[in-house]
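Since each chain sits alone in its own frame, please combine them into the complex, following the hints.
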Amino acid sequence: MTNPFREDLVSRSRAEACTVVIFGATGDLTHRKLVPALYNLAVDGELPPGVKIIGFARRDWTDEKFRAGLEELNRKVSRNAHDDQVWAAFSESIHFHQSEFQDEMGYRALAERLDAIDAERGGRGNRLFYIASAPEYFDDILKHLKGAGLNQAAEGCWARVIVEKPFGKDLKSAQHLNEVVSHTFAEKDTYRIDHYLGKETAQNLMVLRFSNAIFEPLWNNRYIDHVQITCAENLGMEGGRGGYYDTAGALRDMVQNHLLQLLSLVAMEPPTDLGADGVRDEKVKVIRSLRQWDTPEKVAANVVRAQYTAGFVDGRPVVGYREEDRVNPQSNTEAYVALRIMVDTWRWSGVPFYMRMGKQLPKKATEISIHFKAAPTVLFNAIPGGTPGGNVLVIRIQPDEGISLRMVSKLPGTALRLEPVKMDFHYASSFGKGSPEAYERLLLDAMAGDATLFARRDEVEEAWRFIDHIEQAWHASETPPPMAEFVAGTWGPKEAGDLLRETGHSWRRL
Amino acid sequence: MSELKEMDPELGREVGIGVIDGELKKLWDEDEARTNASLVNVAIYSEEAGSLRRNSKIIAKITRDHACRALLIELDRLAAEPSIRAWITAHCHLSGGQKAVCCEQIAFELKGRSRGRLRNTVFAHLASDLPLIFWWQGELSNLFEESLYSLIDRFIFDSSDWLADSLASFERIELAVSDSLRQLVVQDLAWTRTYHYRLAVAGLFDSPQAQAALAQIASLKVVAHPQHRMSALQLVAWLSTQAQWSLVGVERATALETLRFAHKSGAEVCVAISYVESSAPLGSLEMDGGNMQLRVWRDPGKRHLFHQLVAGEVHLEGVSPADSDEDADLIGDQLARGGKNSLYRRMLPRFLELLRF
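Those protein sequences? They're chains A and B, same order as listed. Reminder that position 459 of the first sequence reads as 459 in the numbering used here, one-by-one numbering, no gaps. Count along the second sequence from 1, then add 510; that gives the number in the numbering used here.
One or more of the hints may lead you astray.
[As the list claims (entries may be wrong)] Pairs of lysine to any residue, SDA-like flavour, derived with a Cα cap of 25 Å:
id : chain 1 : residue 1 : chain 2 : residue 2
1  : B       : K571      : A       : G45
2  : B       : K812      : A       : Q85
3  : B       : K850      : A       : R209
4  : A       : K76       : B       : P831
5  : B       : K850      : A       : Q203
6  : A       : K422      : B       : K535
7  : A       : K364      : B       : L604
8  : B       : K571      : A       : P436
9  : A       : K410      : B       : N546
10 : B       : K812      : A       : E71
11 : B       : K850      : A       : G45
12 : B       : K535      : A       : P420
13 : B       : K850      : A       : M206
14 : B       : K850      : A       : A448
15 : B       : K850      : A       : D273
16 : B       : K567      : A       : Y427
17 : B       : K850      : A       : T2
18 : A       : K146      : A       : H95
19 : B       : K850      : A       : A213
20 : A       : K422      : B       : D531
21 : A       : K494      : A       : R509
22 : B       : K536      : A       : S430
23 : A       : K52       : B       : F816
24 : A       : K363      : B       : T545
25 : B       : K571      : A       : D83
26 : B       : K535      : A       : V408
27 : A       : K422      : B       : L549
28 : B       : K567      : A       : S430
29 : A       : K52       : B       : E827
30 : B       : K812      : A       : V421
31 : A       : K52       : B       : Q818
32 : B       : K571      : A       : S430
33 : B       : K567      : A       : A81
34 : B       : K812      : A       : P436
35 : B       : K850      : A       : D8
36 : A       : K76       : B       : N546
37 : A       : K76       : B       : D575
38 : B       : K812      : A       : Y427
39 : B       : K774      : A       : E7
40 : B       : K536      : A       : V421
None of these hints come from the bench; they were simulated from the model.
Excised from the complex, chain B in its bound form (with noise of 0.2 Å):
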């Protein structure tokens, strides 16, 4: 008896789970002139009703740059009674103008709790032998254990989604990366949100004269918006981490985060965090201190980081990309560049620290 059900304008057909792979075999028997091409599992998963939807346009825009096969789980963990339902399509944009280049995407909507259907079901339709790149979204939750975590290669997630005990979270992390056999790789799209605002500043300080003035840094203003506090406070984190201040103390207003630092010398840096509603997630950034003012900064909307530095005679203006406000893009960037991310390693137990306190 056939198990094929209904179309989904979105997910593509709907299939029973024991024929997946037959039938994403149909979808290139139909259309010799489509290739198909995948270099990574890119997994999404989410505790959010409607979430399949929403996931396949991001996976239908990462697929436009980096080829994949692509797996959405949607889990509905209250539901009273387990069950699984799978639907299949291929995301296909023309390649050159001509061929058209597809991704295969297996959307699984998991409902109740039944002890190991990730692994053993969805995982089971990995394209074998490439790396698996798994998106958490939303608030990490029990699932995200050793069984889970032991096959992923790279695991993303976005701490600016963290808003019940972002510290705890971050704890379950730590724990992974040296818990785990493979070298667990981990990405912290807020961390990937400034990562234009550290090129931008490592490019400023390639003047001699701003590393001349960098030990006399008196105050450093950052401007974010209250949605991206994770960004304001990991970008702070790295820029303390890399001039090697200390950390001497923490205040908290509403809209206002002051940090204190100091200089190996002892000379203290204030830094201020100001969230705005209405600026970019990363609106801007200013140092001042020691003959040298520097500044960054992003127009709302805008595509462009402008950068300006006056530090005695020298005056240099600039422009860069900044990072995008969309996830897709944010992941797009992140396998563009892979890597192991040991900067964030680096900066990460600062940043603890500034939440601790």
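For reference, chain A alone in the conformation it holds in the complex (with noise of 0.2 Å):
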């Protein structure tokens, strides 16, 4: 039976009413970003009717406890403006429960819990599982959810699995991941999540290029000569982050999922149509081309890893990374890594994809180049100072997103000269009105089933099939390629800059 109601209302998946339960609910990811999060679909209208959320957890904490922790935070971080009655309305339908995640029994209780809400809900059995907890949990949780008999949904129904990052520290545990969530749930249950790809302008990726007809005939190795994805933070290991970054690296903790899933949304062929499985077989084509730096020689010479030293940031004086808090003191882990990276498809042959992720750099920027070649020069060879180079479009994931195009034009004047303009448009100054968080559009996802901006098993094996050659080059081989260093609050190390130099090309300045 449809609902007809429904019919024409909202141009989107529809989102069905669910329990969610989210595993590692005291943590911070549950509080800044899941719940308020739910909040603020709830503030807009977007969250169905009947949605329940259960946080489990190993403190023994009450409901009132939970709710009352939610909601300071909700107060300091939610999109929406925290509106008293609203959230009173809204953390009705947030519950605790107690439980350590190896303890059998918590799942069993679980279960009744879940049972006792569908009831109440007219037997609308829906959930969804957000493992939210530290990736050493992961294995019993999915365990124990299968024991209780809580990756069958009933009749009608579903149950999926939302799984945070780091899905796996390379190849060999994230196919154990992956084995382990396939014995528990279906692949089309399985959502892992990259909250880049909740971005607005991650999304208005594809719409750029298959949309606007005068960019797709020029995407691709004859018109364009390099592209350049730059991820850059000014921050350091904060908040006791040090601890984990020092066991990840820049390289696994941003390289493999976030920046190889913006590269393959640049450099994917067009899909036949925009489901989950049509855009995701595109993606995974990519990261299935990239060539395989896969000797110590093939990786020291396009591949850079680097360490910050001491320096300053924002104007404010910075620690090295080796002396940052909860880093080993003789830590061979990188806080900057840059790459050179070659699609061996038809449309990118020849064509290099430069990035960089890097900690202390001098301001946070997530941003695309695409630098075109230049037009043939013939006509303006002569000009003092020559042309000042080709078009570059750049499309700004974070801040100010937005998409701006380069090109050149003559300075007024008797004189023929040229410089480069911008033509610029920002998010912010078009539309005033807020995009909604990354998680918002996520969730909502996951609750209509549309899993399009989740990663497939395929392309998470894949990406980390890339990445563990580079890491075996770097803390397996016997000529390990050497670990450059740079001041904290530059652009990353000279090396970096060298890696582009060979070909004739430079970072571009953000």
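Dropping the structure here:
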């Protein structure tokens, strides 16, 4: 039976009422991102009626204590202003379930609790399990969910799982996790979250490419010289994050997931449709086509790793990476990485994709820049100063989301002099209304069964296959490529500049 | 000789018609820190004296979320001598607390009758290649004709303002939509005011128990403010269209309309619309039948709707935003949603049937 009142009302997949069970409910992600995202969906009227939230964690908390903590954070971080009346109604749907992650009985009690909620909601036993715990508990949680039968949905209902990153720390562990997940949930019910894909500009990448007739004909190696993807952070290891980061590094923490996802959106072929598999089939082909840097020599030639030394960021003094809190003083973990990536497809043959990610850089910015080949310069060869370079299309992911296009123009005057000019589109200037947070969009998509913006198993594993070669060269070879250094607050080590200089390129100045 | 004239605190600098573009350019020359942004043309037309200043305030609000080139038009058709005056200003707001993003506004005061002024003089100042959103305030007049609506992409009106012959006005809108070569999209603010009620009802009917009871609904009660009869009727028209009820009869009293519908099975649905002065524009909606009670309500002045569904063992409660009482917000919501408004087109025949009955 269909709901006749839904017809033509909203132009997106419809989220269905469900119970959201969050594992690791006392953590920062739940308080700062997940519950505020659900609250904002409720305020915007996007949350289906009857959604319940159960926080699952070890601490001995009551519903009231859990709600009070969530309310306190929601007041600070919510995109929509905190409204006491709305919160009062919303918080009625929030409950706390105390259990150890390894305690089988805790899951059986959870199952009983979910059944009671389903009965109250009229038998709609849709369940969304959000695993936001530390990665070491993934196995236990999934095993016990299965043991309690919670992976099996009732007739006409669904049980889905959202898995937070890190999804493994290498190919082997990712394959293991995937095995564990696939023993518990079908792939169609597994949602590996990468919040970068929930960002407005990341979603707009496909619209930009495939809805504008002027770009797609140029989107290939005939017209594009190279592509740069930059993810710069102006923070170090504040808030105790050094403990985790020092076991991961920039390559695992950002490149394997966020940046390779962005690269695949830039480089993918047009999908046959906008369905989850249509898009993900094309994305995984890109990841599969990455040329493998599978020897230490290739890694040394195409990848630069670095750590920052003490310096100044935003005018404040900062310590070097090895002096950071909870970082091993002899650490061999990279806080900066720059890569040359080749996508061996017909479309991208010979076009280098340069990627860089680092901590303690001069500012926070994530951007993709498409550098077009220069026009033939026969007409302007004799001009003093020559031509000022080719066109550059910049897609800003964060902050100040937007798109700009650099082109060449004549300087006013009697002499013929050329200068670059920029056409700039800022989301915030043109659309004053703030975009929903990435987690809002992604939670709603998971409730609607739309996995387009989530990573599929093969995407994750193919990405790890690429990353593993580099990690092995760094940490398991007899001739590991060196660790470079840069002063905190600068744009990275000299070696990263050399990586581009070899091919006549240079990093874009942000 | 300079055509510069005096400054109006709301409308800005009065300028000669022939120098509008040049004077607009000067606005930007004066302060390089500001960004001029526009994604659409928004024109507001009114035949009410004093509308320019009121609408300038509305544009100031709309431009916080929707960058646009704004044209305000006030026409005094009864003035003896034709004349035209214009003012320019920019509405600026801080984007991200740093950069001033500004939208240009040109206000025109037209007096007397002069054929083609709107098209030839006023619309000459549209930002090129951007869609034109035209908001007509008040009763439709003879000016609403092909030469006007053929230039418009989205035509906004508020049928709640139509006190004279609303049926005739709707028929003119119908004609314009079928006649227009530009796929004219029409938007009735009375319909926009029902949006969150429709979302709430649709959300509650996601429940299988509610869906199962749909064919047995026996009564529907709507409470609305008397000024918002059109919204109440459109809400009922939508519900009855989607539920495939057929109209049987209408009885009207001062503060109560009783509409009788029939299910496909022939069973009757009694719909009562009460008009209450103390109500929010749409105060409440209640459905009863088939062991189901559904209620959506809004307390006057409150910004949220509350919903409740009781169907057998099922008990659902929720909260969602209410449609704003401010026209500027409704326009903003509409600009954010876009679309072809196909649901409105589908509801319209039933709504007109209710008006004619």
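Do the hints match the structure? See the list:
| no. | hint | result |
| --- | --- | --- |
| 1 | B:K571 <-> A:G45 | holds (22 Å) |
| 2 | B:K812 <-> A:Q85 | holds (10 Å) |
| 3 | B:K850 <-> A:R209 | holds (24 Å) |
| 4 | A:K76 <-> B:P831 | holds (21 Å) |
| 5 | B:K850 <-> A:Q203 | holds (23 Å) |
| 6 | A:K422 <-> B:K535 | holds (20 Å) |
| 7 | A:K364 <-> B:L604 | holds (21 Å) |
| 8 | B:K571 <-> A:P436 | holds (21 Å) |
| 9 | A:K410 <-> B:N546 | holds (23 Å) |
| 10 | B:K812 <-> A:E71 | holds (21 Å) |
| 11 | B:K850 <-> A:G45 | holds (21 Å) |
| 12 | B:K535 <-> A:P420 | holds (23 Å) |
| 13 | B:K850 <-> A:M206 | holds (23 Å) |
| 14 | B:K850 <-> A:A448 | holds (24 Å) |
| 15 | B:K850 <-> A:D273 | holds (22 Å) |
| 16 | B:K567 <-> A:Y427 | holds (24 Å) |
| 17 | B:K850 <-> A:T2 | holds (23 Å) |
| 18 | A:K146 <-> A:H95 | holds (22 Å) |
| 19 | B:K850 <-> A:A213 | holds (23 Å) |
| 20 | A:K422 <-> B:D531 | holds (24 Å) |
| 21 | A:K494 <-> A:R509 | holds (14 Å) |
| 22 | B:K536 <-> A:S430 | holds (22 Å) |
| 23 | A:K52 <-> B:F816 | holds (17 Å) |
| 24 | A:K363 <-> B:T545 | holds (23 Å) |
| 25 | B:K571 <-> A:D83 | holds (22 Å) |
| 26 | B:K535 <-> A:V408 | holds (24 Å) |
| 27 | A:K422 <-> B:L549 | holds (18 Å) |
| 28 | B:K567 <-> A:S430 | holds (19 Å) |
| 29 | A:K52 <-> B:E827 | holds (11 Å) |
| 30 | B:K812 <-> A:V421 | violated (49 Å) |
| 31 | A:K52 <-> B:Q818 | holds (15 Å) |
| 32 | B:K571 <-> A:S430 | holds (14 Å) |
| 33 | B:K567 <-> A:A81 | holds (24 Å) |
| 34 | B:K812 <-> A:P436 | holds (23 Å) |
| 35 | B:K850 <-> A:D8 | holds (10 Å) |
| 36 | A:K76 <-> B:N546 | violated (32 Å) |
| 37 | A:K76 <-> B:D575 | holds (23 Å) |
| 38 | B:K812 <-> A:Y427 | violated (31 Å) |
| 39 | B:K774 <-> A:E7 | holds (19 Å) |
| 40 | B:K536 <-> A:V421 | holds (22 Å) |
Hint compliance for this structure: hints 30, 36, 38 are broken, all remaining hints hold.
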